[in-house]
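A.B. asks: Protein sequence lines, in the order shown, are assigned to chains A and B. Using our numbering, you'd call the opening residue of the first sequence number 1 and step up by one each time. Using our numbering, you'd call the opening residue of the second sequence number 10001 and step up by one each time.
Treat the hints with care, as some may be off.
[Said to hold, decoys possible] Each computed EDC-like pair below joins lysine to aspartate or glutamate, with the alpha-carbon atoms no more than 20 Å apart:
| # | chain 1 | residue 1 | chain 2 | residue 2 |
| --- | --- | --- | --- | --- |
| 1 | A | K581 | B | E10026 |
| 2 | A | K581 | B | D10447 |
| 3 | A | K580 | B | E10026 |
| 4 | A | K580 | B | D10022 |
| 5 | A | K581 | B | D10022 |
| 6 | A | K506 | B | E10021 |
| 7 | A | K84 | A | E69 |
| 8 | A | K120 | A | E597 |
| 9 | A | K475 | A | E539 |
[As the list claims (entries may be wrong)] Pair by pair, the computed Cβ-Cβ distance ranges are:
| # | chain 1 | residue 1 | chain 2 | residue 2 | range |
| --- | --- | --- | --- | --- | --- |
| 10 | B | P10488 | A | D821 | 49 to 55 Å |
| 11 | B | R10304 | A | I712 | 51 to 57 Å |
| 12 | A | D799 | B | T10257 | 58 to 64 Å |
| 13 | B | D10166 | A | W512 | 57 to 63 Å |
[Stated by the list, open to error] Sample of chain A residues with no beta-carbon within 12 Å of chain B, all distances over it, derived:
| # | residue |
| --- | --- |
| 14 | A38 |
| 15 | G193 |
| 16 | D261 |
| 17 | F292 |
| 18 | L606 |
| 19 | W612 |
| 20 | S639 |
| 21 | N646 |
| 22 | Q708 |
| 23 | S804 |
To be clear, the hints were calculated from the coordinates, so they are not data collected in a lab. All values reported here derive from a predicted model rather than from experimental measurement. We put the CB at the ideal spot given by N, CA and C, even for glycine.
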Amino acid sequence: MKTIKRMKKTILLSGFLMMLGLAAQAQSGTITGTVTGADDGEGLVGVSVTVQNTTRGTITDINGNYSLEASNEDVLVFSFVGYKPKNVSVGNRSVIDITLEEDLVALQEVVVVGYGAVKKSDLTGSVSSVKSEELTAFPALSAVQTLQGRAAGVQIQSNNGGQPGADYKIRVRGGTSINASSDPLVVVDGFVGGEMPPPEDIASIEILKDASATAIYGSRGANGVIMVTTKRGKAGEMRIEINSSYSFQNVLNRLDMLNADQFGTYIQEVNPGYTQFNENTDWQEEIYRQGFISNNQISFSGGNQDFRYYVSGTYFDQDGVVLGSEYNRYSFNSNIDIQPKEFLNVGINLYGRRGTSNGVNTQEGSGGAGSAGIVSSAFRFNPDLGIYNDDGSFTISEVGDDIDNPYALGTQYNRERVTDRFQTNTYAELELLEWLKFKTTLGVTVNNWRDGQHWPTTLIRGAGQGGIATIEARKQTSLINENYFTANKSFNDHDLTLVGGYSFQKFRNEAWETTASGYTSNSSSFWGLDQSSLPDVPESRLSETVIKSYYARFNYSFKGKYMFTFTTRYDGASNFSTNKKWAVFPSGSIAWDMMAEPFMQPLGNLFNQWKWRASYGLVGNQAIGPYQTLSNFRAIYASRNNELVNAIRLDNLANDNLTWETTAQLNIGADIGLLEGRLNLVADYYHMKTTDLLFERDLPAYVGVGRQFQNIGAIQNSGFEFAASSINTVQAVKWNTDFNISFNRNKVLELPDNGADIFYDGAPGHLVLGTDNQVIRVGEPLGVFYGFFYEGVYQNGDDFLDGSGFEKEAGGEKFRDLNNDSRLDFDNDRAIIGDPNPDFIWSMNNSIQYKGFDLNIFVQGSQGNDMLSYTLMELDILSGSNNATTAALDRWTPTSPNTDVPKASSGRSRRISTRFIYDASYIRLKNLSLGYTLPDQLTTRLGLNKVRISLSAQNLLTISQYPGLDPEVGYGNDSNNRSGNLLQGLDYGSYPNVKNFTFGVNINL
Amino acid sequence: MKIYIKSILIMIVGALVFSCEDLNEEPIGLLIPEGFYQTPADVEYGLNGAYSAIASEEFWGRKLTLSLLLRGDLADIGDPTTSSRRIQVNEFQMDATNGMVEAFWPRAYEALATANSAIEGAKQIDADQETKDALTAEGYFIRAFIHYHLVRLFADIPYMNFLITDPDNAYGLDETPVDQVYEGIINDLNFAKDNLPDIPEFRSRPGKGTAAGLLASVYLTRGMYQEAYDEAKYVIDNKDAFGYGLTPEFQNLFDATVIDEPTNAQELLFAIDFRGQDESSRSGAGNYTRDYMAPITGIRGDERFDNGEGWSVAVPTLEVYTSWDHRDYRRAVSFDTVTIMGDTLTNYQYWDQASRGVARPHIAKYFRAFGQASLNGRDSDHNYAALRYAEILLIAAEALNEVNNGPNTEAESYINEIRARARRELDGEPANDNSFPANVTPGLSKDQFLDLVLEERRFELAFEYKRWYDIKRRQFGAEAFASDGLEPQPDFDPDKDYLFPKPQSDLNLNPNLDQNDGY
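Using the sequences and the accompanying hints, generate a full structural model.
C.D. replies: So this is what it looks like as structure tokens:
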């Protein structure tokens, strides 16, 4: 009924316009009809039906019906994405039914780039597109998770296994920095730095990879740009969509640990005085449980020519597989587009969300006394102890460091983080002239989070201090204003587009935190810090940043055959140093559609498209934090007459010439379409060199300030990406395959101090390794591991190598003497022993549809990446400080010497060697789903439009040689840690990865 | 059309509103050097920073002082499982990557940089010349104090009497030869002597006498005995004006609970002030006012205190104890020989029953009375005497002996003053005084008197980080570390071991720095 009302309105308006003096028409009448698709004969909803050369038009409804005023001389234009358009003269007919044919050649597709959208056929840069269906293939908190494996050159990995609310690390074409962040820029509907909305609200994601596409984001484009476009309302009847899915989660993998008897025997070999306790506990069993996710979304969208809306709300709730971890999120998102006048489009987007996570301590920086995380404790803790002592208190480790038992950690430690975000983005687009548009946008985002932690007296850390509580909070506001002109002119065979604009962005970050200990009871948790007897000095910080930019892009295309793009951005940022506040980032690219050339006609049957692309440009990585280029003092204190008095010390030496990091990127690629678009290939070769790397360089001690930020160093990333999508069969059984594979080689080119090696380590502090186990070395990739070569176990009669701290007896660890001096020492007998960067990453997606059924198989893999497992080192060093894996059952004993697991020995120093470096290549069946869309007759009887139910499994199968928990972990890489490229492939105490079984329902009303 | 124009105008205005802000950073919540020094109090914050760097774990709290203690022949390694960097210092096996040097070298220069910043600041403030000079004098004193330690340990060093603002200058800085360093030190101390107050507000801050006293020590090290005597005499003559004298009860100098009382503090010319137990309220703020010498010298297995046991890291050889006359009260103050272990009084011979215990008498000056402290006695309330009046008397005696080629009554009187104090018993009643150590026998030769003074320095200033410097300036290492010496150390090499190696990290960064011979 509403549709008819709206129809009446449209007709009235059209009639009114006609009376204003448009070309006199002959007889006009109402034309009606149905538009169906050639593939399945079903009505097509949303097909645009317009009267050619006028502004009159309408959209087909749910059943493909339309109704429109037109005269006999008029030509109706039917167009719809994915179908070949049709023009039909009205003539004498009053009912015109049309069948549209599928257009497999998706050249008309429009791709979102910075400050505009470009037809895919005109694109000269390297951009990967990911559609909504791929982003919602399985329930996920964040679209980043479902983006994994969907785009060539984009490597995504969870930072902490299956932790609810875990961060993901995204790398586009490798890590371009050593000390600064390599995270790509996220732009949501043009809002630079916006937050990624829930996957259900996303219409598409474009990943801009090469300089031609990213240079328009100037000093922030070096790590790639992720452009997110959210769903918007389309004219037509209101559509209601409900998506629900429910998943059961289970831990993917467990470590085989020793049981109580095996443990007792092992410890007694190291410490004969040890008496085994009476229990036998499987600690992993105590802390793991079945997890559950429920993800629900409802959205309303619709509208008409003048007013379109999309409103959606989601609720996501997850109980993690580890005791005590959960996450939930409420969000709403609404897009409203209004066209009050023909020449004016305005719109507003409102997005809000609240996420609450209750977490456990995993991937701890140091797991010494009282600081163990829950997962590493489950491995380390005595299996011969129960959860409780006789007096009801929780047991504490009886070997090695004093650590809490994992059940105590799961139930007693309280950590809650609540994040609220509110984001709004408004735009107004004015058509000044037919070929000139002006758009202005204003976006504001407010992001607040609060994080509280409480260690009660039942845990070791809180016991000595009467309980410890911490509260930390952030309040972050940002505002962005963009203003740009777009000019489009076509004449003869030339198409020109020019975009030019100005952008202003301001950030304000407030932070405060405080800790206090010594409470009368544990019940207040972290509320009530004033009840403590020992408060810490609270901290508060403020920083503000302003960025101003001017940007321009020029596109030129001749006959759609030769295309040329030039972009540039002039960025000024307050973070930059006094002498270098402004930066220019230009780029240029050309493309050539070879198939449009006459000399390629003979191959025209095989290839429908062969476009070559080449681009080169400069992009930047801001890298410099606020106030980092200034000198400052640090407030310390001194004792004077036994009282504390204020004092200062020098903290930072100004660097007035500090600049951002610059990446020069060359990209050469080809888009090839074969068999009338049945097979599409995209191949890219790229070479990126990043210079002026930001380093905190050591100053000689006599300067009085330890270090200063300087630009020294260069790093290179080069590689090859290949993606293929093929439509294998289109008849009754439809089968599509998408495949992509990426190779990236990362290499350090230049380092400060004449290329001297820089050693570092990311090991958990309590392991007290004493030396650095990783190195940044010229000529090698970032993140390589450095250590000894393990050669097995010494046997009786072997030549024992000398060296302080090394074993010199049968059953001890044997290492290789690299410099042949019959001595083992740290300086001369270590080398690079592993590389966490993969040789290549790949993924393959197969979808098959038959009648109402659809089957989707998504496989993803990584090959050639090494892992350094601190977990396995701590467990299998066999020095009697904690439990060990069942590998310990093979340990050397005088009666069974044939093994490469050394004997149990209390004096063994912990050191990194090839013994704990593993090949972590894997192939994973990421998603396997079977869906069924109910037949139309059934759904219409229920009064619905479409109902689909699905059963799917995530991470169902993993093939990997890695003996640890899971090859996808990222110790040392939380979102506050900037060393994302230096610490890769490390495993310690990570939250386990999970296998999901999911049931989903999708209903369209 | 109107709407059309209106829309454009609104949008243009909207765009312009946001372009007013400039890109200069104005941090709030950060202390910026420009415009920081406005008043004398601001300069004092800078000077406080320098004192704080001195009173930090890496300098006077442990790393420097432990190195000096172990290097001399009065303290050996107790627990052999302690960290190797300490063992290297003790046994003359140091290399350029030694962890002790790598810690106190930067801290020393941090103090120098902060002092130089304060000195610069003093020029800028709005105050009368006298106040400015007094603050500058304090800064100069700190500079001289630090350089004096560095030059004795490392010989040629980067001499910092200015602030480096351009790091490119830093990487090529030339080191200053020893003689020039001493020239600078002496100039600084002379200015300090002229402009510091007679009586400073606190014992941890220098006065005229402090500067003169340090100057005396500098001259003595340089072999300029007349000047050394002149400076020492200046302090001795003005001791009442400056408020100096020998603390009547020797034990109280090493008792953190009473050191602040004026009777006990009177001997301190310059004290390094530590404040106890401020660890937990200032977590993460750095190692300022945190000292560890109590647990370092304390007894493993000791049960006297709630804070727990010591670590027996630096323990004198038995020879040091047995060669010290048992009648000397100072031996009883300096050594612990009996403690509570296993709930019973235990003599030192049985102290190895404790895990990692050492069966020798231990140093008592720091562990016996550390006041408010944290676990094991760390982070204590001690005020360490970096320079005390007794040493001025000893300098005067030694210098006079050199100048006159033999002792005279004056020189002997100084030694007698010290011995008189050492004869005191705990009750303060002169009638109950010991008779040992007796006054000096007159008529000794120059060399005999020199030996007597050096031995007196050993007993008086035992374990106060003076012994190594004495060995070095009088070059008797070969005897001290011989197999029949107080602490046999076979690896002692007189060509190399009178100096420490400079840290490799700075040598790598600046090719103009030269390593000391033999390293």
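A.B. asks: The structure should be examined with respect to each hint, and the outcome stated for every one.
C.D. replies: Quick rundown of the hints versus the structure:
Of the supplied pair hints, the one linking K581 (chain A) and E10026 (chain B) holds, its CA atoms being roughly 15 Å apart against a limit of 20 Å. The straight-line distance between the Cα atoms of K581 (chain A) and D10447 (chain B) is roughly 71 Å, outside the 20 Å bound, and the hint therefore fails. Simply put, K580 (chain A) and E10026 (chain B) have alpha-carbon atoms about 17 Å apart, close enough for the 20 Å limit, and the pair holds. The hinted pair formed by K580 (chain A) and D10022 (chain B) meets the criterion: a straight-line CA distance of about 14 Å does not exceed 20 Å.
For a cut-off of 20 Å, the pair hint linking K581 (chain A) to D10022 (chain B) stands: about 11 Å separates their Cα positions. Between K506 (chain A) and E10021 (chain B), the direct Cα distance comes to roughly 10 Å. Compliance with the 20 Å bound is thereby established for this hinted pair. As the CA atoms of K84 (chain A) and E69 (chain A) are separated by approximately 23 Å, the hinted pair breaks the 20 Å bound. Taking the CA atoms of K120 (chain A) and E597 (chain A), the gap is near 19 Å; set against the 20 Å cutoff, the hint holds.
A hinted pair counts as satisfied when its Cα atoms are at most 20 Å apart, and K475 (chain A) with E539 (chain A) qualifies at roughly 14 Å. For P10488 (chain B) and D821 (chain A), the hinted distance range of 49 to 55 Å is not satisfied, since their beta carbons lie about 31 Å from each other. Distance hint check: the CB atoms of R10304 (chain B) and I712 (chain A) are about 55 Å apart, consistent with the given range 51 to 57 Å. The hinted window of 58 to 64 Å between D799 (chain A) and T10257 (chain B) holds, with their beta carbons roughly 60 Å apart.
At roughly 36 Å, the beta carbons of D10166 (chain B) and W512 (chain A) sit outside the given window of 57 to 63 Å. The beta carbon of A38 (chain A) is kept farther than 12 Å from every beta carbon of chain B, the shortest such distance being approximately 44 Å. Its beta-carbon lying about 16 Å from the closest one in chain B, G193 (chain A) satisfies the requirement of being farther than 12 Å from that chain. For D261 (chain A), the shortest C-beta to C-beta distance to chain B comes to about 30 Å, beyond the 12 Å cut-off, and the non-interface label holds.
Consistency note on F292 (chain A): stated as away from chain B, and its beta-carbon is indeed over 12 Å from all of that chain's, at 39 Å minimum. Even its closest Cβ contact with chain B, about 51 Å, leaves L606 (chain A) beyond 12 Å, as expected for a residue assigned away from the interface. With a closest Cβ-Cβ approach of about 39 Å to chain B, W612 (chain A) is found to remain outside the 12 Å limit, as its non-interface label requires. Listed as outside the interface, S639 (chain A) is inconsistent with that label: its C-beta sits roughly 4 Å from the nearest C-beta of chain B, within the 12 Å cut-off.
Non-interface status of N646 (chain A) relative to chain B is broken: a Cβ of that chain comes within 12 Å, the nearest being about 5 Å off. Not every C-beta of chain B lies more than 12 Å from that of Q708 (chain A), the closest at about 6 Å, which undercuts listing it as non-interface. A beta-carbon of chain B comes within 12 Å of the beta-carbon of S804 (chain A); the shortest separation is about 8 Å.
Hint compliance for this structure: hints 2, 7, 10, 13, 20, 21, 22 and 23 are not met, and every other hint is.
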